[in-house]
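Q: These protein sequence lines map, in sequence, to chains A and G.
According to numbering that gives the first Met the number 0, the stretch in the first sequence is residues 0 to 278, in order.
According to numbering that gives the first Met the number 0, the stretch in the second sequence is residues 0 to 220, in order.
Treat the hints as calculated values from the structure; they're not laboratory data.
Every value quoted in this text rests on a predicted model; they were computed, and no experiment measured them.
A hint or two may mislead.
What the hints assert, rightly or not - Using C-beta positions, here's what the derived DEER-type ranges look like: (1) G:PRO5 <-> A:MET69: 23 to 33 Å; (2) G:GLY56 <-> A:VAL178: 54 to 64 Å; (3) G:THR86 <-> A:ARG118: 18 to 28 Å; (4) G:LYS218 <-> A:PHE80: 32 to 42 Å; (5) G:ARG61 <-> A:ARG118: 53 to 63 Å; (6) A:THR77 <-> G:ALA50: 38 to 48 Å.
What the hints assert, rightly or not - Cβ-to-Cβ under 10 Å is the rule here; a few derived chain A residues that face chain G: (7) PRO18; (8) ALA102; (9) ALA109; (10) MET142; (11) TRP194; (12) SER205; (13) TYR212; (14) GLY224.
To be verified - Listing some non-contacts, in silico: residues in chain G with all C-beta distances to chain A over 12 Å: (15) TYR10; (16) VAL16; (17) ALA19; (18) ARG27; (19) TRP66; (20) ILE87; (21) ASP105; (22) LYS111; (23) GLY160; (24) LYS220.
Heads up, the beta-carbon is just placed ideally off N, CA and C, and yes, glycines get one too.
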Amino acid sequence: MKLPLPPIPPALLPKPARPGEKRNGDGNGNGNGKASPKDIAIESGKEAGISAVDWVDERTSLSGGARWMMFRKVPKGTNWFYTLGSATMFAFLSQAVTGVFLAMYYRPDAGGGAYESARYISNEVFLGEFVRGMHKWGSSVMMILIFLHMARTYFFGAYKYPRELNWVIGVVLLVLTFVMALTGYLLPFDQRSYWATIVADNINASGPLVGPYLADFLRAGPEFGATTLSRFYALHMMAVPGLIAALIGAHLYLVARLGTTAPPWMKAEPSDELRREDV
Amino acid sequence: MARRKPPKSKYTVDRNVPGAFEGETVTRRRFMTGSAHTVGGIAAAAFTLPALGFAMGPVFERQDARWEDVGAAGEFPQDTYLPRVITIESNVGETGKTTVYMRAHDPAIDGKRKDEYDAYLAVSTRCMHLGCPIRYIEASQRFVCPCHGGVYDFEGKVSGGPPVRPLDRFYTRVTNGRVQVGPRYSVNSELDRFSPRDPAAPLDGIGQYLYPSRPTTAKLK
Chain A
0 MKLPLPPIPP
10 ALLPKPARPG
20 EKRNGDGNGN
30 GNGKASPKDI
40 AIESGKEAGI
50 SAVDWVDERT
60 SLSGGARWMM
70 FRKVPKGTNW
80 FYTLGSATMF
90 AFLSQAVTGV
100 FLAMYYRPDA
110 GGGAYESARY
120 ISNEVFLGEF
130 VRGMHKWGSS
140 VMMILIFLHM
150 ARTYFFGAYK
160 YPRELNWVIG
170 VVLLVLTFVM
180 ALTGYLLPFD
190 QRSYWATIVA
200 DNINASGPLV
210 GPYLADFLRA
220 GPEFGATTLS
230 RFYALHMMAV
240 PGLIAALIGA
250 HLYLVARLGT
260 TAPPWMKAEP
270 SDELRREDV
Chain G
0 MARRKPPKSK
10 YTVDRNVPGA
20 FEGETVTRRR
30 FMTGSAHTVG
40 GIAAAAFTLP
50 ALGFAMGPVF
60 ERQDARWEDV
70 GAAGEFPQDT
80 YLPRVITIES
90 NVGETGKTTV
100 YMRAHDPAID
110 GKRKDEYDAY
120 LAVSTRCMHL
130 GCPIRYIEAS
140 QRFVCPCHGG
150 VYDFEGKVSG
160 GPPVRPLDRF
170 YTRVTNGRVQ
180 VGPRYSVNSE
190 LDRFSPRDPA
200 APLDGIGQYL
210 YPSRPTTAKL
220 K
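Given only the sequences and the hints, what does the whole structure look like? Please build it.
A: Given below as structure tokens:
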């Protein structure tokens, strides 16, 4: 199968020769048939870049995959609603980046160190309040975007055959995002965090038969203890983000493989060969 | 109808597998594949199972009964509650502390004493809806929860709102004229004792079976 070449922006295309202008062999020159030192430098710079990319591509064939992913055909009628999925992914990336930097200052110590380190981030660290604010408000933004993306998929009928599995992966991602929201809520370790976690944990415990064991697993014992916070922290910064990243990969692969749907208000246009005219 | 193919022989010799020898039923290729999968499975289990056990360990850890002094025997009245702070979880500072409401046993309200553990009542401040901290309101002689409006009467029985059972209690005992508060226990609407359960777990009817007790925190009596 031959993949389409990426379109080259007009500004980068070589200009045609002016009338009366003479060019040297490759069509790029200064007109007098001799390359100036500046042109040679630009040319060899280009060559170096191209050969570096070629070196990697020859060994990995990444360009084919990149073109397969990036230069897809999209149906007529594609509009701004189709950007909600990417927006959700960028919200996740923002959470990942700000989260990594918050982890440099945060201390999951239920004896008071956690609250103190969160206070230190907000009040003392340069740009700490900003980065913590990005992470805090970004979580709400991600939640809103994920629901808008889900609503777009639902109302455009994009969950139907053959995209059911992508819907299922999306629902798992939604649930994992809930888990992130739940585990992250405890980390500032103020009164709101503590009591919200107590309530959330007891909601888990209210499930019959397995509920009590699930709640004990979450809190690491029958009472909220020294390791509950570190448990939530480990889930919040390692286990769940890894799962989310892997599932986003699967989600994107299926989007590229199956393509996107046209909005429901677009009518299918029969091709001219198939149209029969009765006279 | 197509003729069914005769079933393949289980012997590799009959199936013309190259290098087969007499009586062999599993090809060497299949055997190698199987062994590689088995070894891989054992290797994966070798780190997954201990890690899971490590994470689940605290659930099965036995809790020791701790007794904590809360005051002199004559300190607590029969007609109202006094708040006392006890530690239910060590090593976490303020986080591991909780308030209990204390009063002396009143035969007119509480009936006959059951055993040596209820000379004083220690009522837990954990709401039995979802675990928020309840508060005793002196004027109405009721416990009220700020989160979702649970209300309990003077004995700790539910008189309104979403809670599913009366407030938990703690065992109390008197040693050398001092009142000590011990482990937690849960009660059903008849105030019968059960091993401690999480909030939101009803204990009437089949509730006690739907929300089983922990093997690690048995009731004293």
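Q: Give a verdict on every hint.
A: Comparing the hints with the structure gives:
1. Roughly 54 Å separates the CB atoms of PRO5 of chain G and MET69 of chain A, a value that falls outside the hinted 23 to 33 Å.
2. Between GLY56 of chain G and VAL178 of chain A, the C-beta spacing of about 21 Å breaks the proposed range 54 to 64 Å.
3. A hinted range of 18 to 28 Å holds for the C-beta pair THR86 of chain G and ARG118 of chain A, which are about 25 Å apart.
4. Range check, LYS218 of chain G to PHE80 of chain A: about 58 Å between beta-carbon atoms, so the 32 to 42 Å window is missed.
5. The hinted window of 53 to 63 Å between ARG61 of chain G and ARG118 of chain A is violated, with their beta carbons roughly 37 Å apart.
6. At about 45 Å, the beta-carbon gap between THR77 of chain A and ALA50 of chain G stays in the expected band of 38 to 48 Å.
7. Taking 10 Å as the C-beta contact cut-off toward chain G, the hint placing PRO18 of chain A at the interface is violated, the least distance being around 72 Å.
8. Contact between ALA102 of chain A and chain G, as hinted, is not supported at the beta carbon level, the nearest pair being about 20 Å apart and thus beyond 10 Å.
9. Interface restraint check for ALA109 of chain A: the shortest CB-CB distance to chain G comes to about 5 Å, inside 10 Å, so the restraint holds.
10. Annotation: interface hint on MET142 of chain A violated; nearest CB of chain G at approximately 22 Å, more than 10 Å.
11. A cut of 10 Å between beta carbons decides the hint on TRP194 of chain A: the least distance to chain G is about 6 Å, and the hint holds.
12. Because the smallest distance between the Cβ of SER205 of chain A and any Cβ of chain G comes to about 4 Å, under 10 Å, the interface hint for this residue holds.
13. Restraint check, TYR212 of chain A versus chain G: the minimum CB separation of about 7 Å is within 10 Å; hint holds.
14. At a threshold of 10 Å, the smallest CB-CB gap from GLY224 of chain A to chain G is about 5 Å, leaving the interface hint in force.
15. No Cβ of chain A approaches the Cβ of TYR10 of chain G within 12 Å, the least distance being about 42 Å, so the stated non-interface status holds.
16. Every CB of chain A lies more than 12 Å from the CB of VAL16 of chain G, the least distance being 37 Å, so the non-interface label holds.
17. Non-interface status of ALA19 of chain G relative to chain A is upheld: no Cβ of that chain comes within 12 Å, the nearest being about 41 Å off.
18. Against the 12 Å criterion, ARG27 of chain G stays outside the reach of chain A, whose nearest CB is about 35 Å from its own CB.
19. Non-interface status of TRP66 of chain G relative to chain A is upheld: no Cβ of that chain comes within 12 Å, the nearest being about 16 Å off.
20. With 12 Å as the threshold on Cβ separation, the claim that ILE87 of chain G sits away from chain A is violated: the shortest Cβ distance comes to roughly 6 Å.
21. The claim that ASP105 of chain G lies off the interface holds: its Cβ sits roughly 30 Å from the closest Cβ of chain A, which is beyond the 12 Å cut-off.
22. No beta-carbon of chain A comes within 12 Å of the beta-carbon of LYS111 of chain G; the shortest separation is about 30 Å.
23. Here GLY160 of chain G stays apart from chain A, with its beta-carbon at least about 14 Å from theirs, past the 12 Å limit.
24. No Cβ of chain A comes within 12 Å of the Cβ of LYS220 of chain G; the nearest lies about 19 Å off, and the non-interface call holds.
Hints 1, 2, 4, 5, 7, 8, 10, 20 from the list above are not met by this structure, while the remaining hints are.
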